[in-house]
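Fit chains B and C to the known structure of chain A by using the hints.
Given next are the chains, with one letter for each unit.
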Amino acid sequence: MAQKKQRKGKIIIKQEFCKSCEYCIDACPKGAIKLDDKYNEKGYYPAVHSGEDCNGCGTCAIVCPEGIIEVWRE
Amino acid sequence: MRGNHALAEAAIRAGCRFYAGYPITPQNEVPEYMSGRMPEVGGVFIQGESEIASISMVLGASVTGTRAMTSSSSPGISLKQEGISFLAGQELPAVVVNMVRGSPGLGNIAGSQSDYFQSTRGGGHGDYRTPVFAPASVQELAELTYKAFDVADKYRTPVLIMSDGMLGNTMEPVIMPEMRDLKTLPAKDWAMRGAAGRPGRRSISLILDTKKEEEHNWKLVRKYKQIAEEETSWEEYDLEGAKMAIVAFGTAARIAKGAMRRLKKDGLKVGMFRPITLWPYPSEALRSLLDRGIEEFMVFELNTGQMVEDVRLALEGKGSVSTYCRPGGAVPTPLDLAKVVSTRYFQRVPD
Amino acid sequence: MEQVYKKPKYLKDVSSHYCPGCGHSIVHRLMMEVFEEMGVGEKVIGVAPAGCAVLAYVYMDVDVIEAAHGRGGAVATGVKRCLPDHVVFSYQGDGDLAAIGTAETIHAANRGENITVIFINNAIYGMTGGQMAPTTLMGMKATTAPAGRSAKREGYTLDISHLVAELPGAAYVERVMVTSPKTIVKAKKAIRKAFEVQMAGKGFTLVEVLSPCPTNWKMKPLDACRWVETEMVEHFQPGVLADRTGK
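Top line first, the protein sequences correspond to chains A, B and C. Using numbering that gives the first Met the number 0, the letters of the first sequence correspond one by one to residues 0 to 73. Using numbering that gives the first Met the number 0, the letters of the second sequence correspond one by one to residues 0 to 350. Using numbering that gives the first Met the number 0, the letters of the third sequence correspond one by one to residues 0 to 246.
Chain A with its partners taken away, still in its complex shape (with noise of 0.2 angstroms):
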């Protein structure tokens, strides 16, 4: 069977403005962003690339409240 190809997507998310909401964990369909284990100057342990594939679909970027999620794809 063929497999789809993933198009590829980059996500950079300024983490020193991250709040922890977890929205942007909780909208992505590819599981591609974790909470960190390193907190932030506010104490907040911010969202970061998890390691899986991103496939630039921008849907982080729709919830966060705070705008920081910048969306690159192929």
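Careful: at least some of the hints might be erroneous.
Cβ-Cβ distance ranges computed for the label pairs, FRET-style [what the hints assert, rightly or not]: (1) B:PRO103 / C:HIS161: 38 to 44 angstroms; (2) B:ASP290 / C:ASP84: 56 to 62 angstroms; (3) A:SER49 / B:ALA195: 42 to 48 angstroms; (4) C:VAL239 / B:ILE174: 54 to 60 angstroms; (5) C:SER149 / B:GLY327: 44 to 50 angstroms; (6) C:LYS188 / B:TRP189: 33 to 39 angstroms; (7) C:SER149 / B:SER34: 45 to 51 angstroms; (8) A:GLN5 / C:SER149: 42 to 48 angstroms; (9) B:PRO22 / C:VAL239: 33 to 39 angstroms; (10) B:PRO22 / C:ALA150: 35 to 41 angstroms; (11) B:VAL330 / C:THR143: 44 to 50 angstroms.
To be clear, the hints were calculated from the coordinates, so they are not data collected in a lab. Here a beta-carbon is modelled for each residue, glycine too, at the ideal position from N, C-alpha and C.
Chains B and C in isolation, oriented as in the chain A frame:
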């Protein structure tokens, strides 16, 4: 012209192009006049759903750089106090006209002067003042309304016209000032008309940082000091050689003029000091009467005694101050006043 | 790779004071995206409320006026009447719009003022620490209704958008929520539609946004979103409440 109509027309001529108000006797003629006149000059008239809404609409209009005005009477002016405090805090120009009526509460619809404290002590919350003009004739009502817009713009402050129900409904001949060409009005570089080519502006009075809020308050104080130096205004009548001075403003001053004529005929040396700006109060000028041989002051006002406090403050304990007060819309005649004045005169003034 | 999302230019690049997961942040972002997409940012004048969003002007790079609590509808009226070609909005919370500002809201709508009111409904008073609002649900606890809202004691949950929708001056009234990707996309469409209706001069527009308030509801952000989707919508049904734009 009727006082209420004259002040409305004068506002239009001064370039007022936004009016929001609510019906309340004795100033209903003001919104009624504006509803017809504003569209004629391409301005905006709105009958707001309340006096509270009206002052807020004026605030919104003022932010756009438009000359804006509202009018009401005593209870309605109470409702506007929050808005006036906000205008002062946000440093926005506006003209607020109070045609004072009997109070407190619903009171009555007759003319009175019982909003002196409300007008001159800020009125709303916070450390602010508003210039207050007290006209004593329909002509002066028109002229001071016209001038109020310039003062409001110049200092970026709400300005109050404190008149009363009687003057509002008095008919007298008026010479109207010329219609201002709006293009000659000074530019307002702080006005908000969309942030094209510049960062967004704010019109705010919320200053959470206490140091900055303190600075802002002192800035307002400096402004008020400047207003006091440049805008304080009063009129003197027959004070040369006088032995007693009546101190009165607005309609009370008109009555006092009538009283003075009778007293003069009877040989009494009585003059009058008439403040035109109730804030800033012409304290220095009043105090200087002591140096001119006047020690006896009778404060005549249509309330239970409000301006008398400013008179006492101005005189700093010197001289002798008495009062003739008539609240509640009562209109004493010149004869009533003359009797009280002459009784006091003969008690106090040495032959 | 091409960039498919970046913060809208009218949203300032500063960290906000809003709580984690707060609906305000989402709506601010959606509004600024809409202004950028419509190319009207330079014509926008907004009115900010008293409430959590009192500092909205810190985040929005457009002209913003502070209004006294409840007065947004009146202040926006003053601005729009003087600048009819500009885009004017009043951004208000439930206490601002439906308690102290009820008269201003109803009458701005009744006059058909060409303004857009963005109404953030979190069923509680946020900034002042969780007091009961007109929109607090029946049985819901608040600091001033510790036993939970009861009809006899506190009266009924008020659906003000419904009242406004009855008025002929209200051209477009829609209720949305910002609790998931799907609902957020729908909310943005509603916001855009409201501003388009304003620009077409068709009358008063109101978008009510059911918003999670994790802090005052004492829930985690994701749980707060689910609470909107299960509990709030029971009383505040999302959808178009009035559309008179066809006329």
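Evaluated hints:
1. B:PRO103 / C:HIS161: 38 to 44 angstroms: Since B:PRO103 and C:HIS161 have Cβ atoms about 39 angstroms apart, the given range 38 to 44 angstroms holds.
2. B:ASP290 / C:ASP84: 56 to 62 angstroms: Holds - the Cβ-Cβ distance for B:ASP290 and C:ASP84, about 60 angstroms, lies within 56 to 62 angstroms.
3. A:SER49 / B:ALA195: 42 to 48 angstroms: holds, 43 angstroms
4. C:VAL239 / B:ILE174: 54 to 60 angstroms: holds, 58 angstroms
5. C:SER149 / B:GLY327: 44 to 50 angstroms: Distance hint for C:SER149, B:GLY327 holds at roughly 46 angstroms.
6. C:LYS188 / B:TRP189: 33 to 39 angstroms: Holds: the Cβ-Cβ distance is about 36 angstroms, inside 33 to 39 angstroms.
7. C:SER149 / B:SER34: 45 to 51 angstroms: holds, 46 angstroms
8. A:GLN5 / C:SER149: 42 to 48 angstroms: violated, 55 angstroms
9. B:PRO22 / C:VAL239: 33 to 39 angstroms: Distance hint for B:PRO22, C:VAL239 holds at roughly 37 angstroms.
10. B:PRO22 / C:ALA150: 35 to 41 angstroms: holds, 36 angstroms
11. B:VAL330 / C:THR143: 44 to 50 angstroms: holds, 49 angstroms
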